[in-house]
Amino acid sequence: MTDMERGPSDGQPPEGDWARVQASPEFQELRRRLRTFVFPMTAIFLGWYLLYVLVAAYAHDFMAIKLVGNINVGLVFGLLQFVSTFVITALYVRFAGRRLDPLGDKIRNEVEGGSQ
Amino acid sequence: MSNGTVHLAQAVEGINPMLNFSIFGAFVVITLIIVFRASRNTKTASDYYAAGRAFSGPQNGIAISGDYLSAASFLGICGAIAVNGYDGFLYSIGFLVAWLVALLLVAELLRNTGKFTMGDVLAFRMRQRPVRAAAALSTLSVSFFYLLAQMAGGGGLVNLLLGVQGAVGQSVVIAAVGVVMIIYVLIGGMKGTTWVQIIKAALLITGAFAMTMWVLALYGFNLSGLLAEAVNMAGDNGEAMLAPGAKYGVSEMSKLNFLSLGVALVLGTAGLPHVLMRFYTVPTAKEARRSVVWAIVLIGAFYLFTLVLGYGAAALVGSETILAAPGGVNSAAPLLARALGGPVLLGFISAVAFATILAVVAGLTITASASFAHDVYANVIKKGAVEDKNSEVRVARITALVIGALSIVGGILARDQNVAFLVALAFAVAASANLPTILYSLFWKRFNTTGALCSIYGGLIITITLIVFSPAVSGGENAMIKGVDFHWFPLSNPGLVSIPLSFFLGWLGTVLSKEHNEAKYAEMEVRSLTGAGAEKATVH
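Heads up: the sequence lines are chains A and B, in that order. If you use my numbering, the first sequence corresponds to residues 118 to 233, in order. If you use my numbering, the second sequence corresponds to residues 612 to 1151, in order.
Each hint should be verified, as a subset may be incorrect.
[As the list claims (entries may be wrong)] Label pairs and their in silico Cβ distance ranges:
1. B:Glu850 x A:Leu168: 23 to 31 Å
2. B:His1127 x A:Leu168: 35 to 43 Å
3. B:Phe832 x A:Gly164: 32 to 40 Å
4. B:Glu1126 x A:Ala140: 20 to 28 Å
[Said to hold, decoys possible] Stretch by stretch, here's where chain A covers chain B in the computed footprint (C-beta under 8 Å, at least three residues):
5. 905-917
6. 1140-1149
Derived by calculation from the structure, the hints in this document are not laboratory data. The model shown is predicted, which means the values in this text are computed figures rather than measured ones. Every residue gets a Cβ at the ideal spot worked out from N, C-alpha and C, and that includes glycine.
So here's chain B without its partners, still in its complex pose (with noise of 0.2 Å):
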């Protein structure tokens, strides 16, 4: 199969590459031309990393849900529901109530005392070298893990949604990806990946709620009468796919792992870099507020739609058509749109997944490459003093090319790996390392620099450990490293530990530490609730 050549084979039976391609080139060229236009007004770091903090509540919130709703939520829940039944589904909840912490304890306060970057926040009251470097270093990690993940499973959609096989093929489709997304990153700055996220938004939202439509229509409405023909479907043990324990409920040690993943996605998302960074687009607090509230309303639609998209995989394809396809369970969504639509709409979805993978990526490059030009280069490096305000956004462009190169290595070398353990570690990581920090920051008035520190690094540490001595990475069935098996901790997801050790260390830390900052947390204190002396919107 890898002899070094390009196919363009059958992938799916009845999938059209060039159909697919056209209507994914068609929304490259669209995205590039906004991107080209967005770029003109590009000049300061403000207008680079927050697009001059001038998108409106609304645009916000649907760029948020375009920068949160991946090929993984897409593809993987809908495929998760059609084979798993309703385990799939538990993904979509912790996703959705995850919001609420950002709603309620971090956008607002985060919007009004921060600048560009969670270290920002940080930094307002505390030592800024050493809170930056680690605030960075956390940011860089998790967009790190979470970049590798969705740039790896771009190799499996290559071939299930272009129908190019072959390693050179899926490589080079993997580079052109990576290299547009560069692109859109290094052009267009925060505005012009925020016009990607909005466009894909719009279009994959559009498209599961056209799905869903029709696949209740063709049930005459009936939800009852889907989940009874997806259960017929499935045959004997199909009743098993309406109640939860399909994949989970196997031993004790798989409902612990269960309950460890679900306290990471509710407690990951608020501490999400790239999520963090899309609130200081808007203008003010309150556009922030309304930010996430179309970013619930969205996304927590798309989810009731992949419930109905995935039940209807299982019902009018089938879990053993969908396991027999290349890409597997991922290839449920698309299987329902050939089955619904034929080619065309196969054809629709599929340019659609790949940009997803576009605009999550360049989403993620951009925050990286932001926390390392304003934290390290600009505070650590140069201590606050860099001389010409364009070098910052020099270093952050040169930045964003590196991450985007190392991102095409990545992604072509874990090609053919399984990574899927990478995107719980993102979620671990930003629960354990990012959200005690920022949550003892805004709320804790005695917290300091040692608390943080420990917090930060404690965090990283305790997670990145656990989940390289976890049976995700050998020992388990699906583990990346087969032949050997050197782990000791049960759980795949280590949130269960991790969180609650990073948020004693950061307590901990804190009390050791005689340091306390009265007068400015005086001052963020009264910044963050009342949006006095707030970054303004850029006025051009």
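Isolated chain A, as found in the complex (with noise of 0.2 Å):
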């Protein structure tokens, strides 16, 4: 079967039951997860950001103050966006295989295996 013949809700429980998962405490756990990790890094991201944008568009002073030879502030904290980008990336790669992935493949699992 190509994935072109599959409509939205074929060889998946009926409706009611996709409320009967997400009334679940595991799937309630789930989104727990997800969203406590989720909505407070893109605050903090957003954040960050932000202040580097205001920083950069009314503080060229600041920006311009030497650290170590022609390295200034301006440069350390815009490769600090970076560092920070990547390691965001790395936490939540790191949380979405502990924390989010098992329970997610168990619930999963759960659905699909009832179907048959």
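Grab the two chains, each in its own frame, and use the hints to assemble them into the complex.
Following this line, the structure appears as structure tokens:
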């Protein structure tokens, strides 16, 4: 079977079951874990980025302060945005692998197994 | 100059047009062979739109960076850093941080709930026809703005990199580029297009890496020494190159404009339809996550290279020489390549820049054609009852042909226009019309059809209106239309106003409508978080 022949609910539990899975403690826990990680993290990186943009736009003199040789605050601040992006990526991958995937896989197996 | 004949002149001094043509020609031949081979298994809609969902995370991550790193981000950012110094670097940061939105909030949930397009995600729990029509309109608009900007930029590059001058000569090259792109998309579908992007990304990132190491080696791997030389070359105001403000610090309005641009860049990426569609080419949400991780690493590394290359061009070539060359700011990277490795490296970098345009327009074209065929034709016109599965793919191919033809004509007409604002416009529409709608749809239980229509149409109309009446179109220093001034909106980048307004409209539309499909939301939420019942890879 190619996936073209798959309607949205083919081979899946009837609609009442989705609501039952959604209401289950396991799913509620999965949702809580996802949201308590991604929402605060999004607020952090957007705030950190916005701070950078505001400082770059309005505090030129601060950004021009030299730290080592010709390396100034602006360059370091900019590079720190790269560092924070890489760090948040790594943190999320680790978190998802440990805290989200096992629970998500378990629920998925129950849902898909239950219909066959 | 435009006397109608093709000149093969010395565009950039030391350029060897035949060498550049040969290297670029070799790229086209190799990719066409791969596209033909890849097309053998392209049968179903899933093959055509999503490459049978059979690419691995790393492959898709490389392809995403190939799709995302446009000529503007290579030539444009290098040039902006070489000429304006630090301010050019600000773009890179916005373009990179934006990927965290895709990683944390969009990629995996989208992969689990949709099939081929953004419309699929919205249609999951809303009224199919109106939301698909709205999603398709927004997708087609963003794709077309982006496509036009790429094609129009192509004209300048033809002059700069291949030494072709004159209206006819440049138009012929733009048309040829368009035709090759159409062949990729028609024959190769998503699989062929993906391979083109993978090859291009590998060439672009390797080339940029080699040049970066070369530049750093010249300064004993001392970044501070490189910066000192860049400051020296720039003369009296050289110190200004190292801190922000050279371009955006002039007035209060330009600071606000920069802020607005920064917001649109960081929120636009995860709403770009050609980026969204790439998440469907992998078999699972975990692979979608791996794709984004690979993309973040590659794109981040690439932008670090452009920082060195930009200051390297300022130090080794000098901003006066760059601005005096054909193509102006865009010539920084090619001129640096010539200074480092002579005509051969220049030829290689020129060919890579061309391959970049080709791969990006191919990605945009397949996205736009998928959205029209899948959302508009199959689900709005045929109401989901397409009699023959092949007819949807046939419509997609015809659409690709039409979009390709339009982009060739548009690219030729816009050849000498200043259409740089089109990229900003594409990002602003993506951040205003698409992102709020996607986020509400994935995370907000109460969200409904009216809300989606308000945020998409509202975002689209507000953004386009503000751009039309902005200094980018009339009245500004580099306005598209000269001689008249009908602007009343002070910012060239509307994001600061249009994005919050679109979020607000999405909320307002939702609370004003009683529609609420509890059962469908339960299904969508379970599927989006667990991947239950998600579209599987096709096995051939």
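Check your understanding: Falls inside 20 to 28 Å, the C-beta gap from Glu1126 of chain B to Ala140 of chain A?
Key -> With Cβ atoms ~22 Å apart, the hint holds.
Review point. For the region 905-917 of chain B, does the count of residues with a C-beta closer than 8 Å to a C-beta of chain A reach 3?
Key: holds (count 5)
Review point. Glu850 of chain B and Leu168 of chain A, beta-carbon distance inside 23 to 31 Å?
Key: holds, 24 Å
Practice item. Verify the coverage statement for the region 1140-1149 of chain B against chain A, using a C-beta to C-beta distance below 8 Å and requiring 3 or more qualifying residues. Key: As far as the region 1140-1149 of chain B goes, the hint holds, because 8 residues have Cβ atoms under 8 Å from chain A.
Check your understanding: Does the Cβ pair His1127 of chain B, Leu168 of chain A satisfy 35 to 43 Å?
Key -> Hint holds: Cβ distance 38 Å, inside 35 to 43 Å.
Check your understanding: Taking the beta carbons of Phe832 of chain B and Gly164 of chain A, is their distance inside 32 to 40 Å?
Key -> holds, 34 Å
In this structure, none of the earlier numbered hints is contradicted; all agree with it.
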